[in-house]
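Starting from the two chains in their separate frames, assemble the complex, guided by the hints.
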Amino acid sequence: MNAVTDFFALLIPAMVPFVLAAQGTVLSGRAGLFNVSQEGLMVLGASVGFLVSWQVGSNTVGLLAALAIGGLFGLVFAYTTTMLRLDQFVIGLALYFAALGLASLLYRAVVGVTLEPPLIPTLKDYPIPLLSDVPLLGRALFSHDLVVYLTFLLSFVIWWFMYRTSAGMRFRAVGENPKSADSVGIPVLRTRMWAGVVGAALMTVAGAYLPMVYTGTFTEGMVAGRGWLVIALAFLGGWRPHLVVAGAAFFAGMEVLALQAQVTGVGIPHQFVLMLPYVGTLVVMIFAFRWARQPAFLGLNYDRESRLSG
Amino acid sequence: MTATQNHEVAGVPDAAPPPARPRSPRTVRDLAWLVLPYVASVLLAFVVGGLVILALGNDPVKAFESVLTTSFKTQFGFVETMHKWVTVVLCAYAFTIPLATGKFNIGAEGQLLMGATGAVAVGILLSDLPMIVLLPLVLVAGILAGAVWAGVSAFLLVRFGVNEILSTVLLNFVSFQAIDYVASHVWPDRGAGHPATIRVGEGALLPRIGDAPNLHAGVILTVLLAVALAIFMRSTATGFEMRAVGANLRASLVHGVRTSRLAGAGLVIGGALGGLAGAIEVAGVHGKMLEGMQSNFLILGIIVGLMARGNLVAVPFVAFGIAVLEVGASSMQRSAQVPVEVVLIIEAMILIFLLLSDVVRARFRGASA
Chain A
1 MNAVTDFFAL
11 LIPAMVPFVL
21 AAQGTVLSGR
31 AGLFNVSQEG
41 LMVLGASVGF
51 LVSWQVGSNT
61 VGLLAALAIG
71 GLFGLVFAYT
81 TTMLRLDQFV
91 IGLALYFAAL
101 GLASLLYRAV
111 VGVTLEPPLI
121 PTLKDYPIPL
131 LSDVPLLGRA
141 LFSHDLVVYL
151 TFLLSFVIWW
161 FMYRTSAGMR
171 FRAVGENPKS
181 ADSVGIPVLR
191 TRMWAGVVGA
201 ALMTVAGAYL
211 PMVYTGTFTE
221 GMVAGRGWLV
231 IALAFLGGWR
241 PHLVVAGAAF
251 FAGMEVLALQ
261 AQVTGVGIPH
271 QFVLMLPYVG
281 TLVVMIFAFR
291 WARQPAFLGL
301 NYDRESRLSG
Chain B
1 MTATQNHEVA
11 GVPDAAPPPA
21 RPRSPRTVRD
31 LAWLVLPYVA
41 SVLLAFVVGG
51 LVILALGNDP
61 VKAFESVLTT
71 SFKTQFGFVE
81 TMHKWVTVVL
91 CAYAFTIPLA
101 TGKFNIGAEG
111 QLLMGATGAV
121 AVGILLSDLP
131 MIVLLPLVLV
141 AGILAGAVWA
151 GVSAFLLVRF
161 GVNEILSTVL
171 LNFVSFQAID
181 YVASHVWPDR
191 GAGHPATIRV
201 GEGALLPRIG
211 DAPNLHAGVI
221 LTVLLAVALA
231 IFMRSTATGF
241 EMRAVGANLR
251 ASLVHGVRTS
261 RLAGAGLVIG
271 GALGGLAGAI
281 EVAGVHGKML
291 EGMQSNFLIL
301 GIIVGLMARG
311 NLVAVPFVAF
321 GIAVLEVGAS
331 SMQRSAQVPV
341 EVVLIIEAMI
351 LIFLLLSDVV
361 RARFRGASA
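If you read the protein sequences in the order shown, they are chains A and B.
Using our numbering, you'd call the opening residue of the first sequence number 1 and step up by one each time.
Using our numbering, you'd call the opening residue of the second sequence number 1 and step up by one each time.
Extracted from the complex, chain B is given alone in its bound form (with noise of 0.2 Å):
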C-alpha cells in the first residue's frame, strides 16, 4: 500500500546521481556544498515572495524588515518565537522520527490536538496537586495521549498494512471534532465565545523562566531533548537501525532488522512528542485547550522536517529560522497590511527551490568529474 516505500530519505529522488544526501561536513568546500544550497533557496524565495508582495501593491523591503526583525526587536518578539519554536520543533520531530524509517506522520496536527486533551484532562481533574506531581503527570499524559494516537496508525499499518500517510491524515480529522465536543461538552468554558476548556490547575502550569513576558520552561526541556535525540539516533543500536531502514529497506530486511516493528515504533515516538508539543502548549502557552490552537503546526513541521532532511541535528536549527518568519509574518501583516500567507508560499518556494538545488548541484558534479 505505501507508495514510497522503497524512497531514500525525503528530498533525494531514487534515481538522481550521485547520492545528494548531506553528509557531516569534513571539508570546507563539503561544508560550502551544504549551506550554499540553503542560502541560495532562501535567497531566490524572498524574491519570489518580494515580487508577490510588489503585485499585491506594498512595499516588499519594509514588509521583509518587519519580518526579519520582530523576533530580535522586542523581548516579546523573542518569547513569542521561542514557544513557536518549541512547538515547530516538537512538530518536525513528530514527522522526522518516523520518516527515518521511511513512513510519512502528517498526523501531528491530530497527535497534539490529543496530547493536549490528555494534558488538559490530567490539568483539571487532579488540579489540586502540587506542581512537583502535578506537571510531570501533565506532561506524560499528553505524551502518552499523543502515542496512543499515533498508535493506532502504527497497529493498522503493522498489522493490516494501511497506508500510514492515510490513516494519520484521516485522525486529523477526528480529533478536530473530539476536541471541539472535549471544549463544548466536558469542560467548556462557557465565558470563552470560542470553544475552550476552562483552565488547568495552577500546578499544572509550566514555571517561567526570567521575569515579564516570559519564556516557559518547554523551551529547555526542548533543547534538552534535541541532544537526546540527536545522540540516540547516532549512537544507539535502534537509532542505527532506524536510520538503515529509511536508507535501505531491502538491505535491512536482509540483514534482519524488523522493518515493519520499527516503522510501527517509529511512528509511535513521533507521535509522542507530537502530544508533548500539545502539553506544553497547554502547560506552557494558553493554560486551557482551545480550538484552532493547532494553527498550522502541522505545515510548519513538514517543511522544517523536509528542509532539514530528516536530519534530526538540522532539525531545531531550521525550526528556529521557520519560528522567526512566522512570527515576523503576523507583524508584517500587522505594520504593513501584507497578509501572512505570503510566508507561506515563501516557505513552499524554499523547500522547492532546495529541491531543486538537488538537481543543480548533481549537474555541476557531473560536468566536473
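Excised from the complex, chain A in its bound form (with noise of 0.2 Å):
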C-alpha cells in the first residue's frame, strides 16, 4: 500500500455521496425541475436510513427506505411545482426545512437521548474478482461495498438514456423547450413528475450512505454541506451525467485531502484545512461560467396555457 492506492481507496467511496445525490440533481434539472432540498433530503435519507437499518438489521431495507421517503418528498416537490406551478425554489426550500426537521424528530423518537449511540454495521466491501488482483490501483479502485459498483453503473445507465435512446432525447427536450415537446405529444407534466420523484429518491439514498460508510451511526452536522456542494457540482458538469462523475472526483478528493491533512497535520491550522472544499468550490465556479451551461427550462414551470412560456 502506498499513499496513491490509500488516497484512490478513500475517494471512490467519497464519491458516492457527490455522484448519486448529484445525479438526482441532474435527471431532475434535466426535466426542468430545479431542486434545492439536496441537504435536508439527504440528512433525511442519513437519518431514516440509519434508523431503519439498526431497527430491521440490514443496511440493504435501510437504503429502500431512504428511497421511498425521498421518492415520497419527490412526489410533493414534483407535484406542487408542475401541476401546481408553484415556485421551485421556495418549494424546494420549504422541503429543505421540513426534511431537515423531520430527520432528526425521527432520530429522537426512535432512538431518544442516549449517551452512548447506536452502531449498525458499515457495509462490506466485495472485492471484484481478477481485476482487484491488478497491482497498485486494483484493490483501491475495485474492492469497494455494492453501493460503489451500483453508484457508477447508475451513472453510466442515466448517461445511456439520456444521449443514446430517443426516450432520452425526448427527456431532454422537457427541459430545453417543453412548449416543443408538448406539441409533438411529449408528456411534459408526466416526465416531469417522474423526473422529479427519482431525481429526489436518488438524493436520500446519496444521504443514506454515509452512516453507512463512514460512522454506523447518525449525527445531525454528518451531511455537512455536501447537499449544497452538489448544486454546484451539477451547474459544474454542465448538468452531463458523465462530467457529474469527474466533477464528484473533484470534490471528493478535496474531502479526502482535507481529511488526510487534518490527520497528519501539515503545518496549518486544521480549520483552514476544512475551509479547502468550499473555497475550491468558489474558485472552480468562477472559472466554470466559461463552459457551464444549463438546460434552458431550468427552474422554470411550465404552463401549457400560457403564451409565454416556451
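Read the hints as simulated data drawn from the structure, not as lab findings.
All clues given are correct.
Sample of chain A residues lacking proximity to chain B, with all beta carbon distances greater than 12 Å (derived):
#	residue
1	Asp6
2	Pro135
3	Phe142
4	Leu154
5	Arg164
6	Met169
Across the chosen pairs, the derived CB separations fall in these ranges:
#	chain 1	residue 1	chain 2	residue 2	range
7	B	Glu65	A	Leu150	46 to 52 Å
8	A	Thr60	B	Leu51	27 to 33 Å
9	B	Pro207	A	Leu75	50 to 56 Å
10	B	Thr238	A	Arg304	35 to 41 Å
11	A	Ile128	B	Val61	57 to 63 Å
Note that the structure is predicted; figures quoted are calculated from it, not measured.
Even glycine gets a Cβ: it sits at the ideal position worked out from N, Cα and C.
Structure, rendered in C-alpha cells:
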C-alpha cells in the first residue's frame, strides 16, 4: 500500500454521495425541475436509512426506506411545481426545512437521548475477482461495497438513457423547450413528475450511504454542506451525467485531502484545511461560467395555456 | 447561471393567472384576502403538527399551550422572545433585501458569524475604551464584516456571474471554520468547555432597558431600522429600482436600471444587516462569540422572508410570530417532552400551505370572474 493507493481507496467511496445526489439533481434538472432541497433530503436519508437499518438489522432495507421517503418528498416537490406551478426554489427551500426537521424528529422519536449512540454495521466490501488483483490500483478501485458499483453503473445507465436513446432525447427536450416538446406529443408534466420523484429518491439514498460507510451512526451535522456542493457540482458538470462523475472526483478528492491533512498535520491549523472544499468550489465556479451550460427551462414551470412560456 | 432569474418575487409562480402578489389593502375584501390565507395556513399547519405530536404519544393541546403562551406568561419569556425577534428580523432582512432584486441570499448564517467575529475583535482589542466610543465601533465592525462577507458573493456575482445561491451557502461553511479558528486559537476561553472567545469589554455591551431579566437596547435599534428600511424601499429612487428589478428584470433593463450593480448592492446591504445581527448577539446576548450561536437563524430568516413574501413591512410582524413559536418550542420540549423539531415542521407547513393558498385563490377568482 502506498499513498496513491490509499488516496484512491478513500476517494471512491467518498465520491458516492456526491455522484448519487448529483445524478438526482441532473435528472430533475434535465426535465426542468430545479430542486434545492438536497441538503435536507440527504440529512433525512441519513436519518431514515440509519434508523431503519438499525431497527430491521439490514442495511439494504435501510437504503430502500431512504429511497422511498425521498420519492415521497420528490412527489410533493414535483406535484406542487408541475401541477400547481408553485415557485420551485421556494418549494425546494420549504421541503429542505421540513426534511431537516423530520430527520432530527425521527431520530429523537426512535432513539431518544442516549449517552452511547446505537451503531449499525458499515457496508461490507466485495472485491471484484481478477480486477482487484491488479497491482497498485486494483485494490483501490475494485474493492468496495456494492453501493459503489451500483452508483457507477447507474451513472452509466443515466448517461446512456439521456444520450443514446430516443426516450432520453425526448426527456431532455422537456427541460430545454417544454412547449415544443408538448406540441410533438411528449407528456411534459408526466415526465417532470417522474424526474422529480426519481431525482429526490437518489438524493436521499446519497444521504443514507453516509452513516453506512463512515460512522455507523447518525449525527445531525454529518452531511456538512455536501447537499449544497452537489448543486454546485451539477452546474459545474453542465448538467451532464458523465461530467458530473468527473466533478464528483474533484469534490471527493478535496474532502479526502482535507481529512488526510487534518490527520497528518501540515503545519496550518486544521480549520483552514477544512475550508478547502468550499473555497475550492468557489474558485472553480469562477472559471466554470465559461463552459457551464444549463437546461434552458431549468427552474421554470411550464404552463400549457400560457403564451409566455416556451 | 441563475436558474430563477426571471422570477417574480418569491412565492408567486411565473405563469399563474392572475398576479396574486399582495398589494396594500384598499378595501375590507382585499384585507380579508390578505389575512385569510395566513390564518388558514397557520391553523392547518398546527393541525398537521398536532397529528405529529399525537403520533409521538404526547398531548398536542398541552404542547401547543406551552408553545403559544410561554412568550407572554413571564417577563423572562418575553425578553427571550424579543431577543430572538431582533436576530430573526435582521436575518430575514438579510434574505429579503437581496430578494427584492431577485437574488437569493442563503448566507445570513455566515454573515452573522463574521459580523460577530468583527464585533468580538473590536470588543476585545479595544476593551478599555468607554462605551460611548466602543459600542458604536463594535456595531459598525459587525456591519462591515457582514457586508464584506456578502461582498465576496456580490463581487463573484457581478464580475464572474457566479450563482449567488451557491456562493453565499459555501461561504457559510467557510465561516464555521473561521469562527472555530478564532474561538480556539486567537482569543480562546479555555475554561468555557466549548469553543468560545473571551468576553468583550464592558463598554462593548448594549445598555439594558428596564430591570431584572433585562431587554437589551438592540430591540429599539431594530425597530428604528425596520421603520427606516420600510421608508427607504417605498420612497427612494434606489428602493424603487430595487423593487422594479425584482418585479420585472427585462423591463428594468430596458429602462436603463443597472440591474447587476443593484443586485450586488442588495447582497451587500443584506450582508451588512446579517453582520449587525451577529454584532447585536455579541453585544446584547452572549458578551462573547461562541460556536453554535447562529443556531437556526438562517432557516428562520428565510422562512420569515418567504412568509412575508418579500414585503419589508410585513417582515417584523411575521418575525414576531416565528420568535414566539421558537421560544415556545424550547419550553414545550422542557414541559411536554415534545422535540423542538416539531415546530420546524410546523413552520415549513405554514410556508407550503401559504403557497398553496395562491393556487386556491387563483381558482376562486377564476371561478367568480
